[in-house]
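**Q** Given chain A's structure and the hints, the job is docking chain B onto it.
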Amino acid sequence: MSHYEASIREPLVLGDKSYHDITEDIAKPIEGKANKNWYIAFYISLAAMLWGFGCIFYTVGTGIGVWGLNKNIGWAWDITNFVWWVGIGHAGTLISAVLLLFRQKWRMAINRSAEAMTIFAVFQAGLFPIIHMGRPWNAYWVLPIPNQFGSLWVNFNSPLLWDVFAISTYLSVSLVFWWTGLLPDFAMIRDRAVKPFQKKIYALLSFGWSGRAKDWQRFEEVSLVLAGLATPLVLSVHTIVSMDFATSINPGWHSTIFPPYFVAGAIFSGFAMVQTLLGIMRKVTNMEEYITRMHIEYMNIVIILTGGIVAVAYATEFFIAWYTGSPYENYTYLSVGAATGPYAWAFWSLIIFNIITPQFLWFKKIRRSFIWTFIISIAINIGMWFERFDIIAIVLSKGHLPSTWWRFEPTFVDVGIFIGTIGFFFVLFLLYARTFPVIAQAEVKTILKSSGEFYKKRSEQGIPTKPAIVVLDAASKKEDSDNNLNG
Amino acid sequence: MESSKVIHAFYTDDEMLLDAVKTVKAAHHHIEEVFCPFPVHGLDKAMGLAPTRLAITAFLYGITGLGFAIWMTNYMMIDNWPQDIGGKPSFSWAENMPAFVPIMFELTVFFAAHLMVITFYMRSRIWPFKDAENPDPRTTDDHFLMEIPVHNNEAELTSLLSETGAVEINVVDKH
Numbered sequence: 001m002s003h004y005e006a007s008i009r010e011p012l013v014l015g016d017k018s019y020h021d022i023t024e025d026i027a028k029p030i031e032g033k034a035n036k037n038w039y040i041a042f043y044i045s046l047a048a049m050l051w052g053f054g055c056i057f058y059t060v061g062t063g064i065g066v067w068g069l070n071k072n073i074g075w076a077w078d079i080t081n082f083v084w085w086v087g088i089g090h091a092g093t094l095i096s097a098v099l100l101l102f103r104q105k106w107r108m109a110i111n112r113s114a115e116a117m118t119i120f121a122v123f124q125a126g127l128f129p130i131i132h133m134g135r136p137w138n139a140y141w142v143l144p145i146p147n148q149f150g151s152l153w154v155n156f157n158s159p160l161l162w163d164v165f166a167i168s169t170y171l172s173v174s175l176v177f178w179w180t181g182l183l184p185d186f187a188m189i190r191d192r193a194v195k196p197f198q199k200k201i202y203a204l205l206s207f208g209w210s211g212r213a214k215d216w217q218r219f220e221e222v223s224l225v226l227a228g229l230a231t232p233l234v235l236s237v238h239t240i241v242s243m244d245f246a247t248s249i250n251p252g253w254h255s256t257i258f259p260p261y262f263v264a265g266a267i268f269s270g271f272a273m274v275q276t277l278l279g280i281m282r283k284v285t286n287m288e289e290y291i292t293r294m295h296i297e298y299m300n301i302v303i304i305l306t307g308g309i310v311a312v313a314y315a316t317e318f319f320i321a322w323y324t325g326s327p328y329e330n331y332t333y334l335s336v337g338a339a340t341g342p343y344a345w346a347f348w349s350l351i352i353f354n355i356i357t358p359q360f361l362w363f364k365k366i367r368r369s370f371i372w373t374f375i376i377s378i379a380i381n382i383g384m385w386f387e388r389f390d391i392i393a394i395v396l397s398k399g400h401l402p403s404t405w406w407r408f409e410p411t412f413v414d415v416g417i418f419i420g421t422i423g424f425f426f427v428l429f430l431l432y433a434r435t436f437p438v439i440a441q442a443e444v445k446t447i448l449k450s451s452g453e454f455y456k457k458r459s460e461q462g463i464p465t466k467p468a469i470v471v472l473d474a475a476s477k478k479e480d481s482d483n484n485l486n487g
Numbered sequence: 488m489e490s491s492k493v494i495h496a497f498y499t500d501d502e503m504l505l506d507a508v509k510t511v512k513a514a515h516h517h518i519e520e521v522f523c524p525f526p527v528h529g530l531d532k533a534m535g536l537a538p539t540r541l542a543i544t545a546f547l548y549g550i551t552g553l554g555f556a557i558w559m560t561n562y563m564m565i566d567n568w569p570q571d572i573g574g575k576p577s578f579s580w581a582e583n584m585p586a587f588v589p590i591m592f593e594l595t596v597f598f599a600a601h602l603m604v605i606t607f608y609m610r611s612r613i614w615p616f617k618d619a620e621n622p623d624p625r626t627t628d629d630h631f632l633m634e635i636p637v638h639n640n641e642a643e644l645t646s647l648l649s650e651t652g653a654v655e656i657n658v659v660d661k662h
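For the protein sequence lines, the chains are A and B, in the order given.
Heads up: the first sequence begins at 1 in my numbering, then just goes up one per residue.
Heads up: the second sequence begins at 488 in my numbering, then just goes up one per residue.
Hints in this document: simulated from the structure, not taken from any laboratory.
Some hints here could point you the wrong way.
What the hints assert, rightly or not - Heads up, simulated DSS-like pairs for lysine-lysine below, C-alpha to C-alpha not over 25 Å straight-line:
| no. | chain 1 | residue 1 | chain 2 | residue 2 |
| --- | --- | --- | --- | --- |
| 1 | B | Lys509 | B | Lys492 |
| 2 | B | Lys492 | A | Lys214 |
| 3 | B | Lys575 | A | Lys214 |
No experiment lies behind these values; they were computed from the predicted model shown.
For reference, chain A alone in the conformation it holds in the complex:
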């Protein structure tokens, strides 16, 4: 047994499970056939995705003028979506990296899917700056390449370029972290695959993982070091995204609390999206015994904490906007002006969805309820979208002169691309849920004896986790058999 766990702690794996049962449970959704609900969800997502792609082609073909932007509000819905998706992409690496450093065993049931969500969300986020360039075929100009390939050298003083480096590092490191963790699980699927084509595919995906003692030793070291590297990385990404705003000189954006507050908001929204996805996934893929009520509750506690940080940041911004006495501060996104002005609906949506709704999670009954968690997580997703919309659109809607008082009115293209990315995200996630091991089964097996319900009950009765030795009789020993099945 790897470590002792007090019997008062709730088990992380429910039911009377052996190592082989875990294998079976995780392999089942991959080996079985998709049900009708999966197909319905998939086709709806696919339709949304295609609609979004159509809007993207229309934008690129015609120009950014098809969006609802104007001379004052030069970016609005698109950058809102960008920040929203990057924020959602924060929970995955936080769960797998920070919780690994903190030795939180409950992460093992959810880290795989949370990381998948991260990667798919960062894909969506990356689309927006590229589309917003208007000429996406020149997107490679953001890379530091010699002058003859594009414009001058890139400007390393610009937070937009920091974004390029932060997000591409984050995406690629998250992808490698995720894939390295997947290798043993792909190998498990490979070794039990019956169909030759399936075996070939999973053999390719598993990179020939064999599970030698030395491989595992390196695997664990690499996971630990990657977690150590990814922890500051995940904090740096939204810090740098916030600097897109904070290093400008707009009232409402030029704020030193943006970096920590954006990071907290990102974790807040990321965990909300994990709750939304896993709430459905645990049912659809029959993972109820791995993603338990306790996992949901722990994630809700993280949501209360980060939501609290966000609420304090809002209060600070609101107070400072009033306390400065500056008329220019009175139409920042958290101010009396915003609460009563033409964008009051957006302001109050933010307050209701993002500050008031999560407070229900203080009640243990609600925190441990699947349906309430699902509803609240949807509310937070909406609230966090409004946060970014408010920061961008409300702040830009009133400049220093009345001639710069414009409002942003989205067109169907703005909305269409957003819906398209939601569709694209769910297409990727649904395909993932059918083809990838959705739970890190090798890791879950390491905690089965210390945190599994069956073994915990036995430990309480004083039964050792190690089974009694049954000595083989000579007859059952097979001589010179060649069972080198993979060789």
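**A** Below, chain B alone, put in the same frame as chain A:
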């Protein structure tokens, strides 16, 4: 050839395997390899494997990334094509350094993470289109396999391994 014969002993429990490895080591037999479906804590120590140096390589790669970022920002912003951007001229790297901190950080992480993982893949010989080398498919499910070379001591090893709780013992000609 005599030395190409190995014993494959299967276990179905990690604690039992760990005890078995200790027993076999105590009896001064060489353990060629152990295949596991999941990491067993303390197995590397029990087998006498040297600690991995991958973390050290990550540190060195990180330093390389930091150095590269410093060189790159200096070359592009100060040396090759200095510009006055927003009234902030590019006279010296040291004065402009605060703006380069995010780049320096990101490239440190980028180099450390990717090169360490590539080193891991190369050292453990895992990459796309590589064939798996675990001798039995059950070792990625719930079986642990200990591989011990046989040197005219088949009977002795077999009885030793059965006493440690092996569920299956096979003598195999290694290809």
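**Q** Provide an ascending list of the numbers of those earlier hints which the structure does not satisfy.
**A** Those not satisfied come down to hint 3.
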